[in-house]
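Trainee: Top line first, the protein sequences correspond to chains E and W. For reference, each letter of the first sequence is one residue, going 1 to 516 in my numbering. For reference, each letter of the second sequence is one residue, going 517 to 924 in my numbering.
To be clear, the hints were calculated from the coordinates, so they are not data collected in a lab. For clarity, every value in this text was computed on a predicted model and none was experimentally measured. From the three backbone atoms N, C-alpha and C, an ideal C-beta is built for every residue, glycine too. Please note: incorrect hints may appear among the correct ones.
As the list claims (entries may be wrong) - Cross-link-like lysine-lysine pairs, in silico, DSS-like; alpha carbons within 27 Å at most: (1) W:K832 - E:K68; (2) E:K251 - E:K219; (3) W:K593 - E:K165; (4) E:K68 - W:K571; (5) E:K261 - E:K508; (6) E:K125 - W:K596; (7) W:K921 - E:K165; (8) E:K496 - E:K289; (9) E:K362 - W:K593; (10) E:K68 - W:K647; (11) W:K656 - W:K763; (12) W:K763 - E:K125; (13) W:K656 - E:K366; (14) E:K167 - W:K593; (15) E:K496 - E:K387; (16) E:K68 - E:K218; (17) E:K448 - E:K387; (18) W:K571 - E:K125; (19) E:K219 - E:K300; (20) W:K571 - E:K167; (21) E:K496 - E:K508; (22) E:K165 - W:K621; (23) E:K125 - W:K621; (24) W:K621 - E:K124; (25) E:K123 - W:K621; (26) W:K656 - E:K165.
Stated by the list, open to error - Far from chain E, some chain W residues (derived; all Cβ distances over 12 Å): (27) T608; (28) H617; (29) R783; (30) A845; (31) P896.
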Amino acid sequence: MSKKLNKTFYRILLIVSFLILNALVLYGISTVLAFLNTGADRSGLLKAEQLRNRPYQPKITWDYTAVKGRSLHPEAIRAIEDDYLKAWYVKQRALQSNEEEGIADYFTDSARVKLRKIIRENKKKQIHLVSTSLSHQPRVEFFSENGQLLVFTDQAVSEYQQVFKGKNLLAILEDSSTYQVMMMLEDGFWRIRHMKRLPDTTKPKQEKGSGVFQVKNKKLYYQDQAFFLKGINYYPQKTPWDMYGDQFDLKQMAIDFGKIKGLGLNTIRIFVPYEDFGKEQVRPEKLDKLEKVLNLAKQKQLFVVVTLFDFYGNYAVLDWTHTHRHAESLLTRFKDHPAILAWDVKNEPDLDFESRGANNVKGWLKTTIAQMRTFAPNHLITVGWSKPEAAIYLEQEVDFVSFHYYKPFAQLAADYKMLNNLIDKPLVLQEFGMSSYSGWFNFWQGGKKAQADYHRKMHDFILQNDLSFMAWTLYDFDAIPRSVVGRWPWRKAYQKHFGFFTTQGKPKPAATYLTY
Amino acid sequence: MMKTKLYFHNGFLFFYGLMLWLLFGACTSPAAEGIEIHKNTSQPAADLILEVGTKDSVFLVLKNTWGTTVITPSQRKASKVYFSFPNFIKKTAGSLRYQLHTENKLLESGSLNIIPSLDQPIQLETYLGPKNLEAGSAQKSMLIAIPTDAYDNPLPNLTPVVVTYNFKEQIITDTLFTSSLLAFKTIVPPTQTGQINWVAACQETTSNELFSQIYAASPVDFEIAYNQTHAFADGNQVIEWYTSVLKDVYGNTVSDGTLVSFEIKNRLDEYTKIYASTLNGVARAKAIHPEEPQTWTVQAQVANLAKSNPVQVYFKSAVSEIPVIYNAAQRSLKVGPILGYMGQKVPEGTRVSIRLMNAAEVVFESMATTRNAMVNVKFPANLYPLKEYALELKTLGAIKTLKIKNYE
Chain E
1 MSKKLNKTFY RILLIVSFLI LNALVLYGIS TVLAFLNTGA DRSGLLKAEQ LRNRPYQPKI
61 TWDYTAVKGR SLHPEAIRAI EDDYLKAWYV KQRALQSNEE EGIADYFTDS ARVKLRKIIR
121 ENKKKQIHLV STSLSHQPRV EFFSENGQLL VFTDQAVSEY QQVFKGKNLL AILEDSSTYQ
181 VMMMLEDGFW RIRHMKRLPD TTKPKQEKGS GVFQVKNKKL YYQDQAFFLK GINYYPQKTP
241 WDMYGDQFDL KQMAIDFGKI KGLGLNTIRI FVPYEDFGKE QVRPEKLDKL EKVLNLAKQK
301 QLFVVVTLFD FYGNYAVLDW THTHRHAESL LTRFKDHPAI LAWDVKNEPD LDFESRGANN
361 VKGWLKTTIA QMRTFAPNHL ITVGWSKPEA AIYLEQEVDF VSFHYYKPFA QLAADYKMLN
421 NLIDKPLVLQ EFGMSSYSGW FNFWQGGKKA QADYHRKMHD FILQNDLSFM AWTLYDFDAI
481 PRSVVGRWPW RKAYQKHFGF FTTQGKPKPA ATYLTY
Chain W
517 MMKTKLYFHN GFLFFYGLML WLLFGACTSP AAEGIEIHKN TSQPAADLIL EVGTKDSVFL
577 VLKNTWGTTV ITPSQRKASK VYFSFPNFIK KTAGSLRYQL HTENKLLESG SLNIIPSLDQ
637 PIQLETYLGP KNLEAGSAQK SMLIAIPTDA YDNPLPNLTP VVVTYNFKEQ IITDTLFTSS
697 LLAFKTIVPP TQTGQINWVA ACQETTSNEL FSQIYAASPV DFEIAYNQTH AFADGNQVIE
757 WYTSVLKDVY GNTVSDGTLV SFEIKNRLDE YTKIYASTLN GVARAKAIHP EEPQTWTVQA
817 QVANLAKSNP VQVYFKSAVS EIPVIYNAAQ RSLKVGPILG YMGQKVPEGT RVSIRLMNAA
877 EVVFESMATT RNAMVNVKFP ANLYPLKEYA LELKTLGAIK TLKIKNYE
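The following block holds chain W by itself, in its conformation from the complex (with noise of 0.2 Å):
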């Protein structure tokens, strides 16, 4: 009485899954009676064909993971319907619901479950993350790797899955079993900086080389030192500050490009910030020097993290003189020749500031530049009337003061 009967779809096999058989008695006998149903687990079948027999005109109600399709009968034969499922039904893994309906009438329902085939190239999925991690903290980094049949259905629980990995001269290879989709490998970073080359495996299938990259942890206090030529306050030279190799706790060198500031306070306890990043763990930082002798203080520090050692830095004056002519017939002012601490001419543009004075009143002020460390200044009749005037001038900390008289 009870037929069962396998089709081969088109040539190409598919290899999901379950076989289900509705089987109704005689063709006379009422829906409802005699359905048999048979399931079959263990064995992979070549397609997915109901067989079921009766008179009415019936149809297929199918539900799985993406959604619910209806399919009609695809041949009759007498007493007997087939029907042949679709291709993205018998592709996906997982549970699949049926309801067998006449016109008006429900007649059977139930559900069968596909398995992933695992005949064909299993495809592998890998991820790799956090990929860049500090030496010997606490965050570790994972590899995930989900492996799934060629209709991108994960394969089952346990499925093993074989993962290489080396850094430096060591190479260790682990074999983790898939659950919940996938396998994953944590591995708490090392306290060496340096890169961590992951492969991982399953069956035939390898995935591509990943990497996971070891950097320096935050840097410990560390030393700057400086470089000038001389340490005169010329406004003109530059003196460099470097540090030493910034190191993290373990001895790696910081990253190249770690950002430090160095803070450059100055005779009024105003702050100056240079930022400078580390190349080799050095990092450099120039400034020209002040115009005025003072002394600076200097203090480097990668943000919140590591600082150095203040250093000091005493600049002398540059010039000791500054020679004043005035010509009162003119009301004209010849300031220079400025020279230097060697007798050099001051260099172009070095700033001198002048201020005209009567009794506590600025009538002028200026800040001039040298032009072949000179500076003319002009003051007509018709602008400053008054006889006698008290001039200041400044330039490179020396000031010189001196009093005007105009004989008109």
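Chain E on its own, in the form it takes in the complex (with noise of 0.2 Å):
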């Protein structure tokens, strides 16, 4: 009997070893076979694909009303615009890398030996040039009776540009400047023949918007009435993090914003992902859920601080052109919007100092808060920064002064101090908040108890120092996703346990420090 088993038992071990063999083989050949089909696509030859996509987006507004010669056309125009674009574009790559690779397609060869020129120069000297131009506004003077040679003014071009010697930045020059153009048409390419640098023209100052929020002596004032912002953070309790997803549920929304207005508060901050909405092509069934949100805010009676790029993380120079197209098509969307207190560029754009280079964070969040200015005029604009030390960056381009503050309780107020003596518009305090996780992590320590006594001392220096603020944040989440915190589960145990509320929406002892 055993010996029989013992058959049986070798046998079904030799027929799954020889099948997991083969399994094996087939597995290890796949993956080779695999390997070498990746690579580059036979398609990349003709190098159609270069330059297909408008890897260069600057707003760019044509006028072209008075033409003298030929009429132009809308479509003529948009090969011009590509065209035209791409020339910029592959100037400003040849210029960071000094290598002409590209220029041929877009510059004649006259204007090309000049652009060689400095190229050259600069390559010598080791200098290299980050730029990327923000806006055009072409006024077309003349085309061709046989269509091929073009003349315009490019006007009142905003240009960002940043100079280094190795690695070390030397300048950085912001200016406005107008260029007189000259392109032509050869083989089906509209190259730029002349290009020459008329004195700088100053740009006409963005008229400050009627708003219904404005901002007076270092307060907030909706429709003339002093407002004292009370606000909450808020990210639904099933998908933190993912608003806008497959699981968008604005009744569950409509629960909660009641629920924020019940105790009192008059303000929700809401996140926009960047990558999520699409980046530079904005998805339009996003734009409708925050649409929804929006009026779902203001059917509840409450004032929304939209955060816009949230996970944004290039900061690359010829990149901001894509991120102002995502904010453009934002903006122009909700301009009007009336729930809308402010606009805040970027959730804690201070964090990438340090790995993406804080002049490239910083001169980011400045363009863009002019291209922003361009499209609302009659929001506010902020920038949440995740210190009061962080603070005092760009205060001369936003409307308000908004800061996390995440350290103990006691330091509060000498941060505080410090920053209402630089800072010369109103403060926001934009996030704050305890977690009341309690275990393995930190040896049982904290809890709700800690948390309601931190919330409680929060609650009086508010009261104390007539602080506008936004807590973080309504609920308990059950799951933190890893772009946020990263993966170890410390610190996403930590992460989950900040809310005022429990995950089944009960309230915690800190949620009697939240009404006002």
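Each chain sits in its own coordinate frame; assemble them with the hints.
Mentor: The structure is reproduced here in structure tokens:
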């Protein structure tokens, strides 16, 4: 009997091991084949891919109402615009790398000579330029009868340029200049033949809008009444950091917003993830969802601070124009939405200073704010700095200064005093809070009582200083995406318990101190 | 306290622009104090040199149309620092932006305007287009002249450019003034065909001769006629159609090579198209006579622009009788000699259609060709076992039917 069993066992073992061996061999072969199939696509030979999608999207507005010569059609303008912007792009790329790749397609021979001289000189001196243009307003002056020569004046080209020697940043040039440009159609490409920088023009100051929210004397005003911003950072309990996904649940939001209003708060802060919304080509369905949220807030009499560019982290100067198109889509759509209190350009951008370069981040914020002002002149703009020390940057650009505070409460008074003395604009404590996590990772310290204690002190401090605030956050969360705090379980565990309400929606002791 | 210095750079002169002097106070005074900038737009400078007095090491960031570069002082004397601009900066007209920096401080910024040089011979680029025009059309021809200085900088607005053009016996000179980097002259094409010769000149520089060609406009309706040696449908002779001289509305003969299509409609309402292009306004098309008597209706047209009158041609039958001898013993059929309208033998290869029928069923069908006006066919007994057949012969419009009887 046992002998027979043994035999069966060996048989099974043999067959199974044979099957496993085969599977492994097949897997190995397929991996090798898959590897051999990766790499350059054959269509890449034609270089048709190159620059097919617009790699560079500054705001460009054509005026071709008064053209001498042949009249211009929008189709012709599209082709010219495409090549003109690509000319700027390849020029900037060439000046950054000091290589001439691509410029032959967008500059005629004689223009190329001039560009080449500066590239060679800079290469010799190890100077390179990181630059972008942000807006163009070409006014076409002349179009030849045969449709192959065009002259226009590109007015008030807003440019940003970092000048490097090796790795040292020598200078930042920000200017608004006018160029007179002659382009020619040669073998299917519109190429720049002449380009002449005209004397600097002062950019017309963006007229300050007349929105319902205004800033006067370090205070926020709503319809000419002093406005005490009492708010909370909001994510739905079930879908934190994924508010506009497939599980978009307006009903639950209506309940949540009612709860927030019921606590006596008047504002929520929500986040618009950059990539999820489609980067430079914002997805209309996402905008529709955002509009529903804003309409709901309006209905529940809540104001909204909309934080843009969540999880954006590129900041490369040549990528800026894409982010501007993203902002344009959003801001032009909601420029008159009555629920919006302010646009928060980016959440905690100072955390990217180290990895992306403080100059890149600050330059991006500055230019983005300038662009945003043109799209939504009636709304306020702020930046959500991660700590009071960072909140001193860009004071001139923002309407009010937002900072986050997660340091121990004891240090708040001194930090606030410091900031209040330095800043001449309204201050908003845009995020603060404490996790009620109590467990293995902090040796069962903390807990709900400690959290409530913290918020009691914050409550008093806020009232004493008449400080506008937005607490973090409404709910405890079940799961935290890795992109938020990384993958370490102790961080995630900590982040899950910042809520005033439990995952079931029950108030925690701290909720007492959220009512004002 | 203020001193200015002018430097000549290695023997060759530059003709751009402006001079800028930055003069600091005494070397002990702080950098921000007492900076004065002098700009002189009226007088072309021999060289571009900046003079700066400071203790710290300084550099100058220069931005023009094509890019930005950084230069360091070429010379340092006591409290003064001299900058010499590189050639490619000096040679590019337009606004030049500068920033004067110390290691960690921006001291001064501003811009100067470099103007094109007018002292050296200028260069003139000319473009003419469209070069081919229709007489009297609305499409204009345009001559564009782009005068630049020796360093390829477009000259300022209102630079005079003289354009001369000649058509037939007329020579016209016109003085234009540049704006938007160029000067241009448009011409509405005359109603006569011919060539316009152009030349542009700016100061002492003249362009090459340029031509724009005026071609005839679209042709108007025309007539056709034909030539043929005889009117018999012999499938051999050639008929030739020709158009009247095709002209446009102004009486200009159309360009050689204008394509004319001749559409032939035969007795079965089938169309045949023959294309021919014009030479001196006349297009000629040829076709072989049909093999059957019929009437052709021919009309010529230039694609959707102009057409001719329809012309009818009648072709008579070329053969009246088909002689046939059938040898029942050898089962061989001898057709011919087939003779034409003058009793001549029909041409070699004339097609003869042969059909052998048994009651309603066709058992043999062939298209034979004549040799020496004859056609021979055999109907072997093993393939055609029956005794009686009906035979039908057709050639050049003539038809003959006969009964075949075999005796075996």
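Trainee: Does each hint hold? Answer for all of them.
Mentor: Hint-by-hint comparison with the structure:
Distance hint between K832 of chain W and K68 of chain E is unfulfilled; the C-alpha atoms sit about 66 Å from each other, more than 27 Å. Under the criterion of a C-alpha separation no larger than 27 Å, the hint pairing K251 of chain E with K219 of chain E is inconsistent with the structure, at around 35 Å. A distance of roughly 25 Å separates the Cα atoms of K593 of chain W and K165 of chain E; the hinted pair therefore holds under the 27 Å criterion. Distance hint between K68 of chain E and K571 of chain W is unfulfilled; the C-alpha atoms sit about 54 Å from each other, more than 27 Å.
This hinted pair checks out: K261 of chain E and K508 of chain E have alpha carbons roughly 17 Å apart, not beyond 27 Å. At most 27 Å may separate the alpha-carbon atoms for a hinted pair to count; K125 of chain E and K596 of chain W meet this at roughly 24 Å. A hinted pair counts as satisfied when its Cα atoms are at most 27 Å apart, and K921 of chain W with K165 of chain E does not qualify at roughly 112 Å. This hinted pair checks out: K496 of chain E and K289 of chain E have alpha carbons roughly 25 Å apart, not beyond 27 Å.
Taking the CA atoms of K362 of chain E and K593 of chain W, the gap is near 39 Å; set against the 27 Å cutoff, the hint is violated. For a cut-off of 27 Å, the pair hint linking K68 of chain E to K647 of chain W stands: about 19 Å separates their Cα positions. For the hint linking K656 of chain W to K763 of chain W, the alpha-carbon distance of about 22 Å falls within 27 Å, and the restraint holds. For the suggested pair K763 of chain W and K125 of chain E, the alpha carbons sit about 69 Å apart, so the restraint of at most 27 Å is broken.
A threshold of 27 Å between alpha carbons decides the hint, and for K656 of chain W with K366 of chain E the separation of about 49 Å lies outside it, so the pair is violated. Taking the CA atoms of K167 of chain E and K593 of chain W, the gap is about 30 Å. The hint is violated against a cut of 27 Å. Between K496 of chain E and K387 of chain E the CA atoms are separated by roughly 21 Å; this keeps the pair inside 27 Å, and the hint holds. A threshold of 27 Å between alpha carbons decides the hint, and for K68 of chain E with K218 of chain E the separation of about 52 Å lies outside it, so the pair is violated.
Of the pairs offered as hints, the one joining K448 of chain E and K387 of chain E holds, with about 24 Å between alpha carbons and a cut-off of 27 Å not exceeded. The suggested pairing of K571 of chain W with K125 of chain E holds, with an alpha-carbon distance near 24 Å, which does not exceed 27 Å. Pair hint K219 of chain E plus K300 of chain E holds up; C-alpha atoms about 24 Å apart against a cutoff of 27 Å. As the CA atoms of K571 of chain W and K167 of chain E are separated by approximately 25 Å, the hinted pair is consistent with the 27 Å bound.
About 14 Å separates the Cα atoms of K496 of chain E and K508 of chain E, which keeps this hinted pair within 27 Å; it holds. At most 27 Å may separate the alpha-carbon atoms for a hinted pair to count; K165 of chain E and K621 of chain W meet this at roughly 16 Å. Pair hint K125 of chain E plus K621 of chain W holds up; C-alpha atoms about 21 Å apart against a cutoff of 27 Å. The hinted pair formed by K621 of chain W and K124 of chain E meets the criterion: a straight-line CA distance of about 25 Å does not exceed 27 Å.
For a cut-off of 27 Å, the pair hint linking K123 of chain E to K621 of chain W stands: about 24 Å separates their Cα positions. Our distance criterion of 27 Å between C-alpha atoms is broken by K656 of chain W and K165 of chain E, whose separation comes to about 53 Å. Its beta-carbon lying about 6 Å from the closest one in chain E, T608 of chain W breaks the requirement of being farther than 12 Å from that chain. Under the 12 Å C-beta cut-off, the non-interface status given to H617 of chain W relative to chain E is violated; the minimum distance is some 6 Å.
Under the 12 Å C-beta cut-off, the non-interface status given to R783 of chain W relative to chain E holds; the minimum distance is some 51 Å. Consistency note on A845 of chain W: stated as away from chain E, and its beta-carbon is indeed over 12 Å from all of that chain's, at 76 Å minimum. The beta carbon of P896 of chain W sits about 64 Å from the closest Cβ of chain E, which is more than 12 Å, so the claim that it is off the interface holds.
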